[in-house]
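K.L.:
Read off the chains here:
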Amino acid sequence: MSIIIDEHTRTIVQGITGRNASFHTKLMLGYGTKIVGGVTPGKGGEEVAGIRVYDTVKECLQKHPDATVSSVWVPPGFARDAILEAIDAGIKTVVVITERIPVHDMLYVRECAREKGVMVIGGNTPGLISPGKSLVGMLPRITFKPGRIGTVARSGAITYYLANSLNLAGFGESTSVGLGGDPILGANFEDILHLFEADPATDAVVMAGEIGGVYEELAAPFIKKMTKPVVAFIAGKAAPQGKRLGHAGAIVEGEMGTAQSKIEALSANGAIIAQTLSEIPELLRRRLA
Amino acid sequence: MRLYEFEAKRLFRRFRIPVLDAVVVDGINEEELNKITYPVVVKAQTFLGGRGKAGLIKTAETRQEVESVIKEIIGESHGPYRIEKVLIEKKIDIAKELYLSVIIDRLEHKFCVITCSRGGVDIEEIARQSPELIHKYYFNASVRFSQFSARTIANGLGLSGSMLKSGAEVVYKLFNLFIGFDCKLAEINPLVITQDKKIYALDAKVDLDEDAMFRHPELKELGIQTRHEIGELTEREKLAKAAGIPYVDLDGDIGVFPGGAGFGIAAIDLIKHYGGSAANFMDSGGAPTQEKLRKMLGLLIDNPKVKAIFGARFGGISRCDDWAKALVQYVIENRPEKPMIMRMAGNMEEEGRRVLKEAKEKHPELFKNIKVYSVTTPIEEVIKETIRVAKAGRI
Chain E
1 MSIIIDEHTR
11 TIVQGITGRN
21 ASFHTKLMLG
31 YGTKIVGGVT
41 PGKGGEEVAG
51 IRVYDTVKEC
61 LQKHPDATVS
71 SVWVPPGFAR
81 DAILEAIDAG
91 IKTVVVITER
101 IPVHDMLYVR
111 ECAREKGVMV
121 IGGNTPGLIS
131 PGKSLVGMLP
141 RITFKPGRIG
151 TVARSGAITY
161 YLANSLNLAG
171 FGESTSVGLG
181 GDPILGANFE
191 DILHLFEADP
201 ATDAVVMAGE
211 IGGVYEELAA
221 PFIKKMTKPV
231 VAFIAGKAAP
241 QGKRLGHAGA
251 IVEGEMGTAQ
261 SKIEALSANG
271 AIIAQTLSEI
281 PELLRRRLA
Chain Y
290 MRLYEFEAKR
300 LFRRFRIPVL
310 DAVVVDGINE
320 EELNKITYPV
330 VVKAQTFLGG
340 RGKAGLIKTA
350 ETRQEVESVI
360 KEIIGESHGP
370 YRIEKVLIEK
380 KIDIAKELYL
390 SVIIDRLEHK
400 FCVITCSRGG
410 VDIEEIARQS
420 PELIHKYYFN
430 ASVRFSQFSA
440 RTIANGLGLS
450 GSMLKSGAEV
460 VYKLFNLFIG
470 FDCKLAEINP
480 LVITQDKKIY
490 ALDAKVDLDE
500 DAMFRHPELK
510 ELGIQTRHEI
520 GELTEREKLA
530 KAAGIPYVDL
540 DGDIGVFPGG
550 AGFGIAAIDL
560 IKHYGGSAAN
570 FMDSGGAPTQ
580 EKLRKMLGLL
590 IDNPKVKAIF
600 GARFGGISRC
610 DDWAKALVQY
620 VIENRPEKPM
630 IMRMAGNMEE
640 EGRRVLKEAK
650 EKHPELFKNI
660 KVYSVTTPIE
670 EVIKETIRVA
680 KAGRI
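Those sequence lines, one after another, are chains E and Y. The first sequence begins at 1 in my numbering and counts up by one. The second sequence begins at 290 in my numbering and counts up by one.
So here's chain Y without its partners, still in its complex pose (with noise of 0.2 Å):
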């Protein structure tokens, strides 16, 4: 989960990172703008690299120029995202800029330590180019950070007599805060050195591990919460966060209440493959509650652009008795009319099967729309008959 600029910076201050006083506007906030000296550099918040290229990062002398980079920055959009706020922080005279990250090496299984003499640009750009340049130093997940390693890497970075200690210093913090909040990430590009020889973290970029947030309640203190690995939420999809269910927007028309995440994913390519097109990716599997599984589909049934909902419960720690109970309550309470094409197998099969049967024969008006297959009718004959309704508009 990517953190903006600004929000790392807060961690960064947590860890005694040096980084510019700075003030965050969404606008043309007079009590936080008086707080600034000039010159300062306006930088747009977003998710995405490159802002300098962009135009999306400006320098201001006075009130009035300030004032009128904020509004010309604040409303752009920089790819998929729209900016909302800018961070402006005091312009500085620099000397020296170096690369400096702390990542997981998915290929080694390790903690790794990037640097690069030469900072402030694409880092992956230099990879391809001088990858002489480019420093990894691997750090087992059960070894303890020592303060020697933190100054054999602000070496090798060229730093040496003052500068060695003050750099060791940032490369020993920024380690620890990437322990220290369960980090998949934390990177300063560029780490500044400025003519009086001091050290500033110029930029930050840190993504949390969603997974481990539980056992940080400290960011929620420091005003950071969920969202996606890169970029907000929609509405519908913060409706479903607070439910507690995985789901995407995506573009299309059909509903999927795929059951488990794998299945989800692949029901998408399947439907895709067959001419459809999904509205949504959803995590329905890992043993949701009966309540949870109706909220699921209140969710695809409440969606304007969904036509048809394709529905398919493979029984493992989700039992069908309880998905068939959720369905056939939703169905009833709520009377949707949508159709829905399904297929249902696994745990408690028998039992899911009958109480579907029990509503079905009770509430004929209501199921009329809904089909419910079993294991012996093949998952691509289901979707696509899903997507057929989903053109003709009813079963």
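Just chain E, same shape as in the assembly (with noise of 0.2 Å):
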């Protein structure tokens, strides 16, 4: 098991013939992820790494419609429109690759997609693996190994030296899902932890937050109620007020988003911090011994 994604999921690409895409679309395809159809309107009847072009997600999803799963690598002005097509069409869960969204575009998609049940990830999202099963977005697939550990991250970066670290000391994970660096989200790490809370194939979750936003504050008052094991590593100690740091997302405002904000409401809902992420593998070794 895993969440999210596994060797059955068929998924779609939406921007398919764009630079970025078409690499990854290749990547995708040899680590055995199951792409079925790529739109890009106005292209529609091409093919990218033998993989057919649709004009619309719903033409696509006439022709393959055991697809579930769609990911979005469109330029930043035209994401809103491409996930909102997504949702209609009836995908149930949206990897948003594309970065710095306007605000107010993701505050709409965000509501839509709640309404309708759908999962959007991301924007800004290294995407997520479900290791050996499956891979939608751009992670680097030498990284992860399959294994128990469940890793859910703000930063494409992090969710790579993570599981870099995990897998240097014997373990794997069962899904790493990259939330993204934009400052409103889809999912959040709330919604990942339910997830793997309930996943027989999870023995323990690290999660990875950053300066900026909520959301791992949000988050806190679920793991007290979780059975597993949560590690919480925070990036952005050391990092200056008023300026943003890469990610639209991280940004410290006054007294909030900072990180010891952050680690205190976490802490105090029994995850257990890491300062530095090297560190990691030796606490989760100590609390599953």
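No lab work stands behind these hints, which were simulated from the structure alone. Predicted model only: the values in this text are computed from it and were never measured. Where hints are given, some of them may not hold.
As the list claims (entries may be wrong) - In the DSS-like style, the derived pairs of lysine-lysine whose C-alpha atoms are separated by at most 27 Å in a straight line are: (1) 581(Y) - 614(Y); (2) 594(Y) - 237(E); (3) 680(Y) - 237(E); (4) 347(Y) - 494(Y); (5) 243(E) - 399(Y); (6) 509(Y) - 243(E).
Make the complex out of the two chains shown on their own, each in a separate frame, by following the hints.
P.N.:
Structure follows, in structure tokens:
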């Protein structure tokens, strides 16, 4: 088992004809991800890596009704429309790779997704992987190994370093989910923690947050209810105030969103706090022993 | 991205929110000063609140007075910011001060209109001491804001009769401005009613969403440029911005070339954790072109404060081969002497390693201060070594 995606999941790629999307479509296919179609308006009928391109998501799903997951790679100005199109056509999980989507757009999209019971992951997510089964997004495959630790992080690179340090220590991942670096996200830590708690193939969860926003704080009360151990790491303890550190979401605004407030909320609810990424395997080992 | 008051008021004018006639000057500008009628209020343009208490808002009755106040205020500092400009407005007789704002509530994921019948003071202070004075009205992002909502909100502020109508107009226009310019915050504190029953936005605060600026070319017409969330950019930050590189100057001596933003943030923590200090934040992720990667390296090499460079590439969307090629070309063209301690892993790593190996064999002299570790060396070891090298000044 795993969460959200597995070896049976059929996926489509929106914006498949772009440079990054077409490159990563090949890598996903190489990993074994079942991509059944791509969508780029105006390029219907073309092919990318042997995958048929359609003009609309609706048309693509008519041909491939078993597709449930879409990854979105379009430029930020088109992201809102692409996500809404996926939701409207009946996609169940939308993985939004696009970064720096306007905040107002994401609020709107989030509202529509929640109404229809669709999970939107991102924006600015590296995607997610259930090692050995399926990869949706652009995570580097070599970093991940099948195992029993669930990971959820806001940043792509931290997702990779985390898996890397878990694997060097002999652990592997059931599923690794990147939530994304944008300020307004579809799925949040709490949504993913619920899924890991219910997943029989996951023994423990590592969550990696960063400064900005309140998603880490919001997840804290659920951690208290979980039966599985949660190790938490927060990046940005040395961050300056009022400056955006690359991720649109990573900014400290006054008291809100500081590394300290997140660490306090998580720790008070029973999460094990890791000071560095490399000490995480040892913390897990002690807790799972 | 926060605007100055005078910039925010330009947006207000565009949406016909009543503001006072004003001039903005950065010194004794004869032509502009000739336009004003006394008495006036001179207001320092800065990003922080509490200007009154800091002595940065002053009245003037005559030309002589206004000139001396301008000279006094410009060049002063307010927190970390130096005051470059003042806004000069006519002094008015105030009968009542109110508070009105539209924000994004990141807990509720909704737009929120906040009002308070006591304006002109720190709203967070009121929220702590008299929370009953504050009203909040939530709106879904999908909802079209109605006139009746504006009237309800104005009514909640205690306005009635003709003042209700003019108050509701301001609420309605402010909400539309908030939507129309993709704001994260639009605030009027205070919204004033004068003795002769006129309503004005006496102050104006607007935070724009930098990620939505691409669809607001009209901001450029209004003279509004990109900057930090709060504050101006340094010269190097401006260079980076022009090249499309997310970059922030910090105080230390280790240049950080980290890959993605999240790891960049964590790298700064790790450097501090092991006793070093980062010279910058940078986001070198998101599949940059080789040309852009070379510019990123240049920013660090050209910074005289940087003693050593820590680099990491965990190739996801950003491929190792692109990274390695950019590094090699930069080194061959610029022959940098600063030590670089790096780590490379991820997508297209093999090809990246081949590129590096070939270049090193060809130009051993140029690469003697450059180390590139692989996935088997923990990132912490790479950081510790960079700190050692920065302190020693050599590998």
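K.L.:
Next step is simple, just say for each hint if it's right about the structure.
P.N.:
Evaluated hints:
| no. | hint | verdict |
| --- | --- | --- |
| 1 | 581(Y) - 614(Y) | holds (12 Å) |
| 2 | 594(Y) - 237(E) | holds (22 Å) |
| 3 | 680(Y) - 237(E) | holds (23 Å) |
| 4 | 347(Y) - 494(Y) | holds (19 Å) |
| 5 | 243(E) - 399(Y) | holds (24 Å) |
| 6 | 509(Y) - 243(E) | holds (22 Å) |
Consistency with the previously given hints is maintained throughout, with no hint failing.
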